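Peer 1: Letter by letter, the chains look like this.
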Amino acid sequence: MKTRTVKIYREIAELDAAWAEQTRALAAARGLTVLNLIGSPGSGKTALLEAMGEVGDLASRMAVLEGDIATTKDGDRLQAKGIRVAQLLTDGGCHLSAQLVHRAFLDLPLDELDLVVIENVGNLVCPACFDVGEAAKVAVLSVTEGEEKPLKYPRLFRDAGAVVLSKIDLLPHLRFDLSACLEILAQVGKGVPVFQVSAVSGRGLEDWFDWVRGILSRRRGGGCSRDGRTAR
Amino acid sequence: MHEFSLCESLVRAILHELAGLGASPPRLVKAVVSADRMQYLVPDNLTRAFEILTRGTVAEGAVLELRIVPLIGRCTDCGAAGDVADPPGPCPSCGSHRVEVRSTGGVTLESLEVEADEDPNRQDLS
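So the protein lines, in turn, are chains Y and X.
Be aware that the first sequence starts at 1, since it is given in this note's numbering, and climbs by one per residue.
Be aware that the second sequence starts at 233, since it is given in this note's numbering, and climbs by one per residue.
By construction, these hints were calculated from the structure, which means they are not laboratory data.
It should be emphasised that the depicted structure is a prediction, and the values quoted were computed from it without experimental measurement.
Even for Gly, the Cβ is constructed at its ideal location relative to N, Cα and C.
Don't take every hint at face value.
Just some of the chain Y residues that point at chain X, by a computed CB distance under 10 Å [to be verified]:
id	residue
1	Lys2
2	Thr3
3	Glu14
4	Leu15
5	Glu50
6	Thr90
7	Cys94
8	Val121
9	Gly122
10	Val125
11	Cys129
12	Phe130
13	Arg155
14	Arg158
15	Gln187
16	Trp211
Estimated spans, in silico, between C-beta atoms of each pair [unchecked claim]:
id	chain 1	residue 1	chain 2	residue 2	range
17	X	Ala255	Y	Lys2	10 to 20 Å
18	X	Gly254	Y	Gly42	49 to 59 Å
19	X	Asn277	Y	Glu54	42 to 52 Å
20	Y	Leu171	X	Arg269	29 to 39 Å
21	X	Ser237	Y	Ala180	30 to 40 Å
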């Protein structure tokens, strides 16, 4: 059989990637900032959002796209705090797809918002690999997970625009090496800002809120890049 | 990971390219695809997905070759660059741990080997 070879050199974009670009374009057109909150199950993502729900200037112009495999429990928690929330259920999917996020995005009252926070499915692996149209990924890492986590899941911590180190009220009860963790984050994350917080005690939250405020004001000034790095 | 959904896009692109090669698309013999290690592709999973998704198409039975290309790291202290692991170790030139890793991109469809048309007037595009 005679054959011939044709050179192609074509980038294969995941089918889902086009949806991410649509969300990004819509957010840009409406002056919206989109954050993608990613962390292990139980890392404290929902608690962080509950805390944001108590802050008037942020909560009044914020909506959450709440992603879970099953149940509306997290969405219910946020709704109880008066936060605008749309619950997304993947029914077994390990990460939110850009298509699902885009559909939910279209249902939001976009004119009333400055900030949309996507709380991704609890998972340090897959959500880190899929763009859903966010301005920045925010990694949520709990001190109960061990200081070496960023080495084990480098992609998320390398790509994140910010890291929230949660549950610091538990430090006295753990053998967590905080300075080692911060050193690892500095190495893997190349200077990513790290916010040590406790949603229970409130410690450290104000610095996190200020970072979000900074992103929002830069967006209003038109200065938020795609990978979130200039959003620091 | 998620080789199946990636393969859906890949097969779609391949069939599109094949359709552009003539009035009737030629049969595919081999497709060469490249990706770096940061794409975390499991070759067997990709091959299996390819077999399933090409059934009943002109790409059925074709070989899928996956080339893993090097990750490029650059030391932000001394500027040395080269192939690195993921995550990178210390810079081999100066020992610094400040080595940035750049993925070469996503997944690239490099080439298609197809059954040749016996028509002597056809131009070979390769």
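Peer 1: If a hint holds in the structure, say so; if it doesn't, say that too.
Peer 2: Each hint tested on the structure:
| no. | hint | result |
| --- | --- | --- |
| 1 | Lys2 | 4 Å, holds |
| 2 | Thr3 | 5 Å, holds |
| 3 | Glu14 | 6 Å, holds |
| 4 | Leu15 | 5 Å, holds |
| 5 | Glu50 | 31 Å, violated |
| 6 | Thr90 | 13 Å, violated |
| 7 | Cys94 | 9 Å, holds |
| 8 | Val121 | 14 Å, violated |
| 9 | Gly122 | 17 Å, violated |
| 10 | Val125 | 7 Å, holds |
| 11 | Cys129 | 7 Å, holds |
| 12 | Phe130 | 8 Å, holds |
| 13 | Arg155 | 7 Å, holds |
| 14 | Arg158 | 7 Å, holds |
| 15 | Gln187 | 5 Å, holds |
| 16 | Trp211 | 23 Å, violated |
| 17 | Ala255/X to Lys2/Y: 10 to 20 Å | 18 Å, holds |
| 18 | Gly254/X to Gly42/Y: 49 to 59 Å | 56 Å, holds |
| 19 | Asn277/X to Glu54/Y: 42 to 52 Å | 45 Å, holds |
| 20 | Leu171/Y to Arg269/X: 29 to 39 Å | 35 Å, holds |
| 21 | Ser237/X to Ala180/Y: 30 to 40 Å | 37 Å, holds |
Hints 5, 6, 8, 9 and 16 from the list above are not met by this structure, while the remaining hints are.
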